[in-house]
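Quick mapping for you: the protein sequence lines, in order, are chains B and Z. Each residue of the first sequence is one higher than the one before, counting from 1 in the numbering used here. Each residue of the second sequence is one higher than the one before, counting from 1 in the numbering used here.
Read the hints as simulated data drawn from the structure, not as lab findings. Warning: the hint list may mix true and false statements.
[Stated by the list, open to error] Among the chain B residues that face chain Z by a calculated CB cut under 10 Å, a handful are:
#1 286
#2 291
#3 296
#4 299
#5 300
#6 306
#7 307
Keep in mind that this is a model prediction, so the values were computed, not measured. Cβ coordinates follow ideal geometry from the N, Cα and C atoms, glycine included.
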Amino acid sequence: MLRRAAFLLLTCWVVCNAGAAPAQSAAQDKCSYRAIAMAIRAGQTPDVSGCNPIIVFRNLQEAGFRPVPAAAADANVERGLVSHIAIQDRAATIYVSTGAPPPPPTPPAREQEAAPTPPPPVIANPAPAGVPPPVVADPAPAPGTPPAPQPAPGEPIVSAPPPPAPGIGPANPPLDTTPIVNPGDPALTNEVDGANPAVDDSEAATNAVGDGAGAQPPPRPTWFERLLDMAPWWPIAAILSFGAIAYAIRKWWVPPPPPTLYPTWDVDPGGASIAGKLPTIPGWPSFSARTAIEWGGASLPDPLPQAEEENG
Amino acid sequence: MDNQFALTLEELPNGSALENEKQAIQEALAEQGSRMARLHWALVRDTALSGLKKCLGEIDPVACIGKAWATASEVRQLAKETAANPGLEKELSLAGHTLSVELHPLVTIHCDPIALPTLRFTLKLDAAIECAVLIIRDGKLAAIEAAQMRPSATLSYAERELKTLGLKPIDISRPYELADGGLAIMT
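Using the sequences and the accompanying hints, generate a full structural model.
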């Protein structure tokens, strides 16, 4: 019984250790550090579309890159997941999908003409002194204006909110200039901590992968991931339950095997014989012998040699 | 009278001797159609051996030799004379000679209610007599004295010798009274 219990516990341990591996699907394998590293080593750009940006971010960091998240509209990738990445030298830009791009607004020509020059965007979280000013993205740049420069690695990224629907809200809402923080990047983390200590890494990263409308909820984990997070010991419980059910089935529904009969014997070392007290078994051979002696004759010299008188 | 010379023939038969004659004994026991000896040979053999030992153990070799002397004409003449005169005792001194006595131990094995055919063994007692004095009284061989003899016994079955046993020499000085007042002598 103890041996079986030990074997059961060992099996549970093995299953628990190996539980994460089968849980990953083939699609998630490409998000792993190994797949990313192999692709980079082969001189290719890793295919991480559909991966969790946080995981890709960390894997790229472990691979020696300085990842920078960026938003990108991609109708083929679910919102909040990685659309694609771009690698140049040791810098990697993670483009997080914002879903299908919205249809371009078509304001009336009169409003366009009457509209004054939009004021400069309001910086929600101004950077402290010593930090380079954030790049302001103009939602409607004037013709001839050079495009907004791509953020250098480590620099905060300013994303512009999508234009509001006509007639709703201010025509030119202030842009959210929350600095985008690379989780694990010490420089950026310090900057964020100095600017807004209440914002942690995950929140900053969430803001970074959003489409500029504010904090975005993290990607919803699958039920299996939630199960692994909440109860990583579930294989043990499952195996124990299965064993209990199997034992119950065997106990109550499987008939027990027939008992094994075997004879035992012993020799009484010195007890009184009871053979004489046993009843006679009918038909049992009981042998006895009766004897007699038959005279068969004698042979002796005739006449008998008699001893002489003088010899006696 | 007890066998004061400690001569016993009980050790003469043994199991191996009977085992050697297994086939002959089984054939003899199966003469009347019984298969008992073949089916239960070990039991039959042991029963026969037990009966044979018991039978030979009751034999007094000295008495057997006396019976042989009782067949001699000289001894019968003296028995006739003493039988006619009660209280008269005659002596017969014998010089060296040899004699032999043949006995047939008969062993009948019973497996109730069946009785198997009787097994007839042969016991031959040979004795080398150096000297002996026979005392005849009341028509019987009453006692033996001043006798020196060297006996031997041979057990056989169906003309096949099973075993020969040399007995220790018998040296009788004082009169050796035979049982029941002596051996009856046919006159």
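Let me know if the C-beta of residue 291 of chain B comes in closer than 10 Å to any C-beta of chain Z, holds or violated.
-> Hint holds; residue 291 of chain B Cβ to chain Z Cβ min 4 Å, cut 10 Å.
Taking the least C-beta to C-beta distance, is residue 306 of chain B closer than 10 Å to chain Z?
-> holds (6 Å)
Closer than 10 Å between Cβ atoms is the bar; does residue 299 of chain B clear it against chain Z? Give me holds or violated.
-> holds (5 Å)
Holds or violated: is the Cβ of residue 300 of chain B closer than 10 Å to a Cβ in chain Z?
-> At 4 Å from the nearest chain Z Cβ, residue 300 of chain B passes the 10 Å test, so the hint holds.
Cut-off 10 Å, beta-carbon criterion: hint that residue 286 of chain B touches chain Z | Because about 6 Å separates residue 286 of chain B from the closest Cβ in chain Z, which is inside the 10 Å limit, the hint holds.
With 10 Å as the cut and Cβ atoms as the points, is residue 307 of chain B at the interface with chain Z?
-> holds (4 Å)
Can we keep the residue 296 of chain B interface hint, with Cβ of chain Z closer than 10 Å?
-> holds (3 Å)
The structure shown violates none of the earlier numbered hints.
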